[in-house]
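S.K.: The chain contents come next:
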Amino acid sequence: RKEVEQDPGPFNVPEGATVAFNCTYSNSASQSFFWYRQDCRKEPKLLMSVYSSGNEDGRFTAQLNRASQYISLLIRDSKLSDSATYLCVVFNSGGYQKVTFGTGTKLQVIP
Amino acid sequence: NAGVTQTPKFQVLKTGQSMTLQCAQDMNHNSMYWYRQDPGMGLRLIYYSASEGTTDKGEVPNGYNVSRLNKREFSLRLESAAPSQTSVYFCASSEAEPIAGGTKETQYFGPGTRLLVL
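Going down the list, the sequences are from chains A and B.
End of the first sequence = 111 in the working numbering, gap-free, step of one.
End of the second sequence = 118 in the working numbering, gap-free, step of one.
Calculated directly from the structure, the hints in this document are not laboratory data.
Among these hints, one or two may not hold up.
Sample of chain A residues facing chain B (criterion: CB under 10 Å; computed from the structure) [to be verified]:
(1) Pro-8
(2) Gln-31
(3) Gln-38
(4) Lys-45
(5) Ser-52
(6) Phe-91
(7) Val-99
(8) Thr-100
(9) Gly-104
Sample of chain A residues lacking proximity to chain B, with all beta carbon distances greater than 12 Å (derived) [as the list claims (entries may be wrong)]:
(10) Gly-16
(11) Thr-24
(12) Pro-44
(13) Glu-56
(14) Asn-65
(15) Ser-68
(16) Asp-77
(17) Gly-102
(18) Gln-108
In silico lysine-lysine, DSSO-like type, Cα no more than 30 Å apart, as pairs [what the hints assert, rightly or not]:
(19) Lys-9(B) x Lys-71(B)
(20) Lys-104(B) x Lys-98(A)
(21) Lys-104(B) x Lys-45(A)
(22) Lys-104(B) x Lys-71(B)
(23) Lys-106(A) x Lys-104(B)
(24) Lys-2(A) x Lys-98(A)
(25) Lys-45(A) x Lys-71(B)
(26) Lys-9(B) x Lys-98(A)
(27) Lys-71(B) x Lys-98(A)
(28) Lys-45(A) x Lys-9(B)
(29) Lys-71(B) x Lys-106(A)
Small disclaimer: the values here were computed from a predicted structure and weren't measured.
C-beta atoms are modelled at their ideal positions from N, C-alpha and C, and glycine is treated no differently.
Make a model of the complete structure from these sequences and hints.
M.R.: Listed below in structure tokens is the structure:
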């Protein structure tokens, strides 16, 4: 089993739709979690951190479920500019600061 | 602040040639990283440096060496390039922030170097 797994997509959704991505992780001791956005041929950029209590930033909501070891990202009222690949990132602290990236989920918002 | 900068942006090498990818950050971060990104594989850690003067191997270190020249700069060297090293290389930096129950490290990435080895 991969350490971090994501559905690669692509998710093709119409403008205005709500779309949700899930990401599962295998290490129960993982400490911090993030969603990054990567546009084509660009570097990954932080979208939001994910906290146990869940957090919201405008149209974006992130949730963490430690018991089931998954994190989710919900995008409401999709815009064309949301088209990108969304990377799930899991961070394990300790003697070796290990960061594991998911392979990403591609989102295409269609007019 | 420029954030994380990388040079060069593009490079074409012949098999066996050597080159150094440069990375610098102006955010005063302690930790720096080198990743490669290949289609369908996601980002994979090559080397990382927790602080000036220290480096450690990541998931895919073979064929690479690194130097943490100072707090700002972290370079990646390919001594004898191979076609399997054709990839997009990203440098990143981070700093630990305390959060409830531990720490959080948010990574900031450079724009990447596209390397083609023929």
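S.K.: Regarding the assertion that Gln-108(A) does not contact chain B, is the least Cβ-Cβ distance greater than 12 Å?
M.R.: Gln-108(A) clear of chain B: closest Cβ-Cβ about 17 Å, beyond 12 Å.
S.K.: Decide, holds or violated, for the assertion that all CB atoms of chain B are farther than 12 Å from the CB of Gly-102(A).
M.R.: Given a closest Cβ separation of 6 Å, the condition is violated.
S.K.: When you check the alpha-carbon spacing of Lys-71(B) and Lys-106(A), does it fall within 30 Å?
M.R.: violated (35 Å)
S.K.: Straight-line Cα separation of Lys-104(B) and Lys-71(B) no greater than 30 Å?
M.R.: Within the cut-off at roughly 20 Å; holds.
S.K.: For a C-alpha distance cap of 30 Å, please report whether Lys-9(B) and Lys-98(A) respect it.
M.R.: holds (26 Å)
S.K.: Is the claim that Asn-65(A) lies outside the interface with chain B correct, judged by CB distances over 12 Å?
M.R.: holds (16 Å)
S.K.: Quick check for students: does the CB of Glu-56(A) sit more than 12 Å from each CB in chain B?
M.R.: The claim stands: Glu-56(A) keeps its Cβ more than 12 Å from every Cβ of chain B (closest is about 18 Å).
S.K.: Holds or violated: Lys-71(B) with Lys-98(A), Cα cutoff 30 Å?
M.R.: Holds, because 20 Å separates the two Cα atoms, which is no more than 30 Å.
S.K.: For the hint on Lys-45(A), does the least C-beta distance to chain B fall short of 10 Å?
M.R.: Holds: closest Cβ of chain B sits about 7 Å from Lys-45(A), inside 10 Å.
S.K.: If you draw a straight line from the CA of Lys-2(A) to the CA of Lys-98(A), is it 30 Å or shorter?
M.R.: It holds: about 14 Å lies between the C-alpha atoms, which stays within 30 Å.
S.K.: Using Cβ atoms and 12 Å as the threshold, tell me whether Thr-24(A) really stays out of contact range of chain B.
M.R.: Given that every Cβ of chain B is farther than 12 Å from that of Thr-24(A), nearest at about 14 Å, it holds.
S.K.: For a C-alpha distance cap of 30 Å, please report whether Lys-106(A) and Lys-104(B) respect it.
M.R.: holds (26 Å)
In this structure, the hints that do not hold are numbers 12, 17 and 29, in rising order.
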